[in-house]
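Work out the full structure: start from the sequences and follow the hints.
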Amino acid sequence: MTNDKSLQDSIAKKQSGFWQDIVGNQAFWITIVVILISLIMWFVSDVFISERNLFNVTRNFAFIGILALGITPVIITAGIDLSVGSIMGLSGMVLGITMTNGAPMWLGILAGLGTALLVGLVNGTLIAYLKLSPFVVTLGMLSIARSLALVISDGKLISKFGPDNDAFLQLGGGRIGFIPNPIIVTVLLALILWFLLQATPWGRYVYAIGGNEEAARLTGVPVNLIKVSTYVLSAFCAGIAAVMLVGWLGSANNSVGTGYELNAIAATVIGGTNLMGGVGTSFGALIGSVLIEVIRNSLLLGGVNPFWQGTFVGTALILAVFIERIRNFRSNA
Amino acid sequence: MALLELQGISKHFGAIQALDGIDVCLGPGEVMGLMGDNGAGKSTLVKIMAGNFPPSSGTISLGGNAVHFNKPLDARRQGIEIVYQDLALCNNLTAAANVFLGREAKRGFSFVKLLDYRTMYQHAGKLFAELKSETRPRDLVRRMSGGQRQAVAIARTRLSDAKVVLMDEPTAAISVRQVAEVLELIRRLRDGGIAVILISHRMPDVFAVCDHVTVLRRGRKVADKPIAKTSPEEVTGLITGAIERA
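Here the protein sequences come in this chain order: B and A. The first sequence runs contiguously to residue 333 in my numbering. The second sequence runs contiguously to residue 246 in my numbering.
Mixed in with the good hints there might be a few duds.
[As the list claims (entries may be wrong)] As a list, the in silico DSBU-like pairs of lysine-lysine whose alpha-carbon atoms are at most 35 Å apart:
1) A:K132 <-> A:K71
2) A:K106 <-> A:K47
3) A:K225 <-> B:K14
4) B:K14 <-> A:K132
5) A:K132 <-> B:K5
6) A:K106 <-> B:K14
7) A:K47 <-> A:K126
No lab work stands behind these hints: they were computed from the structure.
Spelled out as structure tokens, the structure:
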């Protein structure tokens, strides 16, 4: 009986306590920073907590947030997806062209998302089965998808979305209660990703591949299939971001999503995802995107020349990685 | 009756003859030491038994039935488990997650399968207890000692109904105390009726746990002797070639 009890103790025993886990968590510290900046801005600026500004901040963060959530599993497997911004552009353009030619909204969205899935499938297949470098493949796709968007649109801007025009603009620009639609989509995606990563074998395999790909292969994990699925998911999220962004902007143009991939990668890394693979969370991607948007918004409200935004966001990124390095160094010593 | 039997196993890579007519016979609860210098063909032989590649000629039988492996999973399904030299562990996962890697306990509905954490922690905990290891299921492998890592890799072989366990250099890079732990683990596998093949360079370990020792040199088997009828000196001579055959 005592033996059985000691077995149960050993099974229940954790290496570190609840608080240790929290304190050792990058996303926790970023959350603190977000709260601190928000508090400061609340005192300094009377606009920051206004409904209109919060509406802007939350909605702006949503698009980067959706992309960041999508690339999180890719980065956990030690891959990278540089093409998500361009996939947004292509996907948005396909959707725009479909709808402007009189197709109903569901068909337009289907075409946009379908395009994204197809591009993700190409990315994943080249990376997993032909063993090409993720960096190179998705860099190539960044260029290809952007160029295809120009080809199919002939460089034109689309601002009329056929018979379902109003419903479509409502989808991206509307809100339910106080909450803008893009935010609802972002939070839903975050919950789904959290569930997939923590509760399913798929999530377990994603972490395993990032931890030791060879070990995963030897123990029978379908490594190639899982890798393809992460790139497809990443592209799918880019497609969803495109639907919401085009609906909000009210037009599809060729610059949709340009440079978004770098912000999305920055957001995931700030949230504690490790580019070397094996580490990362859904919440981290979310809070990282929030931090970037809060920094940008604070600078804007503080009257700082917007040209400085990149400097601050970039510094936050490097600082986040630097602080993580220090913490890891101490916990390993 | 023989549990694992290799007959006339040969393997050549192009013009290079890596293995030449190897016979091995192993009964339940038997521990065999597989020794030889670098390039003697130990790894090739292990990889053939593990299903990494097929032999050029020769047959493998398990419990009297001929078997063919196209990939490592085939070998595992037939009851051959391998503890790899680098242990094939994921540092970022828990001990239990590593034990169950690739064959997670699942629960749930017909097509949505969820990880069954509770079952995995419980089962892994029992396996570690059986192995008398202090490893705990929720511990991250990153923070474990070499001996604990070995316990995780060995516990993995206990998940299924393994008949043969191949261990590739399990004591190569760990401390003296941990070596003793690993040898103890091997004895526990043996007591459970499992046949163990221990690939090792360390003479004392082989003499401590093995029933007999097979020596390879340049792809040929030069000795297969009960441990009681040989000595470290003789085995060393056989490995280096100072003694031609025994």
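Task: Hints the structure fails to honour - done: Failing hint: just 3.
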